[in-house]
Amino acid sequence: MAVLGRLGAALRTLWAKEPVITVSIGIAALAVLSPFISPYTKYSAMINQATPYSYPVPLRDDGNLPEVPSHPCDPQGPNLEWLKRL
Numbered sequence: 001m002a003v004l005g006r007l008g009a010a011l012r013t014l015w016a017k018e019p020v021i022t023v024s025i026g027i028a029a030l031a032v033l034s035p036f037i038s039p040y041t042k043y044s045a046m047i048n049q050a051t052p053y054s055y056p057v058p059l060r061d062d063g064n065l066p067e068v069p070s071h072p073c074d075p076q077g078p079n080l081e082w083l084k085r086l
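Each residue of the sequence shown is one higher than the last, beginning at 1 in the numbering used here.
I should point out that these hints are in silico values taken from the structure, not numbers from a laboratory. C-beta: ideal position from N, C-alpha, C; glycine also. Among these hints, one or two may not hold up.
Said to hold, decoys possible - Each pair of labels, with its calculated beta carbon distance range:
1. K17 <-> Y53: 20 to 30 angstroms
2. R12 <-> P52: 46 to 56 angstroms
3. L80 <-> I37: 18 to 28 angstroms
4. L86 <-> R12: 25 to 35 angstroms
5. Y43 <-> G8: 13 to 23 angstroms
6. R85 <-> N48: 47 to 57 angstroms
7. R12 <-> P35: 21 to 31 angstroms
8. C73 <-> I21: 52 to 62 angstroms
9. L30 <-> W82: 21 to 31 angstroms
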């Protein structure tokens with residue numbers, strides 16, 4: 001608690017002497033903390049995990065490629081229903 005008291009006293013002194021610098025420090029602190037508070041960060045991370053980094057190249061299926069879908073529209077990968085409900 002003593003640290004918070006000293007911090008409060010330092011902020012009051014700084015505000016009395018240099019209000020512009022105090023406001024700029026507050027804006028910078030808000031800019032640093034806002035990504036951790038924002039719900040946008042959570043959903044953008046989920047979308048980035050679900051989106052493939054490299055897209056498949058169309059191949060002619062000769063029956064020897066079991067991991068290649070027979071049609072480009074065949075569903076593969078994680079279910080993205082949560083994205084459609086946003």
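For each hint, the structure was consulted:
no., hint, result
1, K17 <-> Y53: 20 to 30 angstroms, "violated (51 angstroms)"
2, R12 <-> P52: 46 to 56 angstroms, "holds (53 angstroms)"
3, L80 <-> I37: 18 to 28 angstroms, "holds (26 angstroms)"
4, L86 <-> R12: 25 to 35 angstroms, "violated (44 angstroms)"
5, Y43 <-> G8: 13 to 23 angstroms, "violated (36 angstroms)"
6, R85 <-> N48: 47 to 57 angstroms, "violated (18 angstroms)"
7, R12 <-> P35: 21 to 31 angstroms, "holds (29 angstroms)"
8, C73 <-> I21: 52 to 62 angstroms, "holds (58 angstroms)"
9, L30 <-> W82: 21 to 31 angstroms, "holds (29 angstroms)"
Checked against the numbered hints given earlier, the structure breaks hints 1, 4, 5, 6 and satisfies all the rest.
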